[in-house]
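Undergrad: Read off the chains here:
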Amino acid sequence: MDIRKRRYALVIDSRKCINCKACVVACKAENGVPIGNFRNWITADRQGEYPKLRIDFEPEQCHHCEHPSCVRVCPTGASWQRKDGVVLVYADDCIGCRYCMVACPYDARYFHEESGTVHKCTLCSHRVDKGEVPACVETCPSKVRVFGDLEDPSSRLHELLATRRHHVKEPQTGNGPQLYYLL
Amino acid sequence: MHELNWGLLIVVYLFLGGLSAGLFFAAGLANYLEVDGQPAYPRIARMGALLAPWPVALGSALLILDLGNWYRFYKLFTHFRWESPMSIGSWLLTLFTVIAFVYAFAWLPEEWRRSLFAKVPATWKQVHRLNVDLAPHRKTLAMIGFPFSIGVGIYTGVLLGAVSARPFWNTNLVAQMFLFSALSSGAAALLLAMVLDKRNPIETHETKFLITLDIVFISLELFIILPYLIHGQLSVLAVKQALWLILGGPYTVVFWVFFLGLGLLTPLAIEVYELAPSLLKDRVFHGNRSLALAASSLVLVGGFLLRYIFVYAGQLSSFHKLGMLR
Ligand code: SF4
Ligand code: SF4
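These protein sequences, in sequence, are chains A and B. Numbers 1 to 183, taken from the working numbering, label the letters of the first sequence in order. Numbers 1 to 326, taken from the working numbering, label the letters of the second sequence in order.
If you're looking for bench data, these hints aren't it; they were derived computationally from the structure. Model, not experiment: these values are computed from the prediction. Hints may contain errors.
As the list claims (entries may be wrong) - Below, in silico cross-link-like pairs of lysine-lysine (DSS-like), each with a Cα-Cα straight-line distance of 30 Å or less:
1) 75(B) x 83(A)
2) 143(A) x 130(A)
3) 5(A) x 143(A)
4) 130(A) x 52(A)
5) 169(A) x 21(A)
6) 169(A) x 240(B)
Stated by the list, open to error - Selected chain A positions facing chain B (in silico; Cβ < 10 Å):
7) 50
8) 75
9) 78
10) 101
11) 172
12) 181
A virtual CB, placed ideally from N, CA and C, is assigned to each residue, including glycine.
Next up, chain A with everything else stripped away, as it sits in the complex (with noise of 0.2 Å):
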């Protein structure tokens, strides 16, 4: 078994994006999400006025933050965080006090009304898993979302995040995000 270190991340080339939701309808169909439920969605800023019009388009989800605040408030240790970085739920130990979905300074989380817990992105974990990517950026037209490995020098993602601009939201929070976007 491969025991090198892994620390998977997404880097999002917005400008790329054209709101066609792809990723949010794959992702709903790969994970089950309940209706009025999301585990990414689309953010649009718009600015100005026709014809001066500008509408900025960018994909949102859970940020896999390095130091997770809903990880750090979970009472019982149902929110946790994998050695590669991914942030789950383990569904058996959640009581559904969504003391999480409070101290999530991105929104990322739901309330599963059936089971009673909290569901968010898992980054395809069992995709991943078995070598492939989540079921957003296959789905992706645009290309607009990379998946990778930021200890693997080798991969895109690396590439990407060595030669281009980015940044991460609201790194003030102080979770550290791992959420690319390039600029």
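Starting from the known structure of chain A, fit chain B with the ligands onto it as the hints suggest.
TA: The following block gives chain B with the ligands in isolation, referenced to the frame of chain A:
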């Protein structure tokens, strides 16, 4: 995806937890005060001791029922996580509730205790062993309970204050604000209960004690709220934006008119109006019953509204550029 995850039940729970803490504190304090070697306020001490455990017990039950999976609540105690305020708080709250019940038991009148145990079948020997008079240990029990009552009062604030994602909460003043509000609610609830108890009419020295106590707590609370507002205004953008929720935003009226005006300043004015002449001009303290009733009820309303505003407005505050009110 911005929405309110915590609702009215959390507000009620935080209020009732604080109320119990305040009742216990005031009752324990009354138990310690003496005049000429005689207990000065034995009736206050008893009333407070008998009332203290109930609100927190009810609040905890409500909170457990509010969980997505209420029957898993035991996991709060089997998985200890010291980094999570809720994990520490669950222990604190449980221990405090137990102490408050034991303390109430120590204050049960002799005949109540006897009739209580008379209902237990005589064959339950172990239970009958508990039929002991704890009255001599009241002071020790109160002393053990003090830190826990203060802890619970602080915890209700820390639960919110420790959430770094919500700038409205994440200041070092929320814990004290909730503590003093809790202590004030406790004193007010005691005053209300004593005034409403028609069989043993409240005496003026008792009214005076509770009003004095409440004035102290309300003043302390006020001196936390003012810096909270001023400091927030002078703070970073996220905090300033969060404060907008009560300075022009949706919670402005309920904060300024109903909480600060009706729930804090009005009862403070009534209490000062009652107490000041006897302190400053050496007049007799009358202890008007209706005024005491009005002031204590308003303090309780104010205490509830403080939790309401914080729980709701706090969840709307965010670091997100578009997050607020989205
Ligand atoms: S974005 Fe929110 S849910 Fe995701 S790891 Fe960070 S704090 Fe947790
Ligand atoms: S809702 Fe579940 S995962 Fe979230 S803090 Fe509570 S127990 Fe932890």
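Undergrad: So, for every hint listed, does it hold in this structure?
TA: Tested hints:
1. 75(B) x 83(A): holds (24 Å)
2. 143(A) x 130(A): The given pair, whose Cα atoms are some 21 Å apart, holds under the 30 Å limit.
3. 5(A) x 143(A): Measuring from Cα to Cα gives roughly 26 Å; hence the hint holds.
4. 130(A) x 52(A): Outside the cut-off at roughly 47 Å; violated.
5. 169(A) x 21(A): holds (20 Å)
6. 169(A) x 240(B): holds (19 Å)
7. 50: Where the cut-off is 10 Å and the nearest Cβ of chain B is about 21 Å from residue 50(A), the hint is violated.
8. 75: Holds, because the Cβ-Cβ distance from residue 75(A) to chain B comes to roughly 4 Å (cut-off 10 Å).
9. 78: holds (8 Å)
10. 101: holds (4 Å)
11. 172: This hint holds: residue 172(A) lies near chain B, its Cβ roughly 6 Å from the closest one there, short of 10 Å.
12. 181: violated (13 Å)
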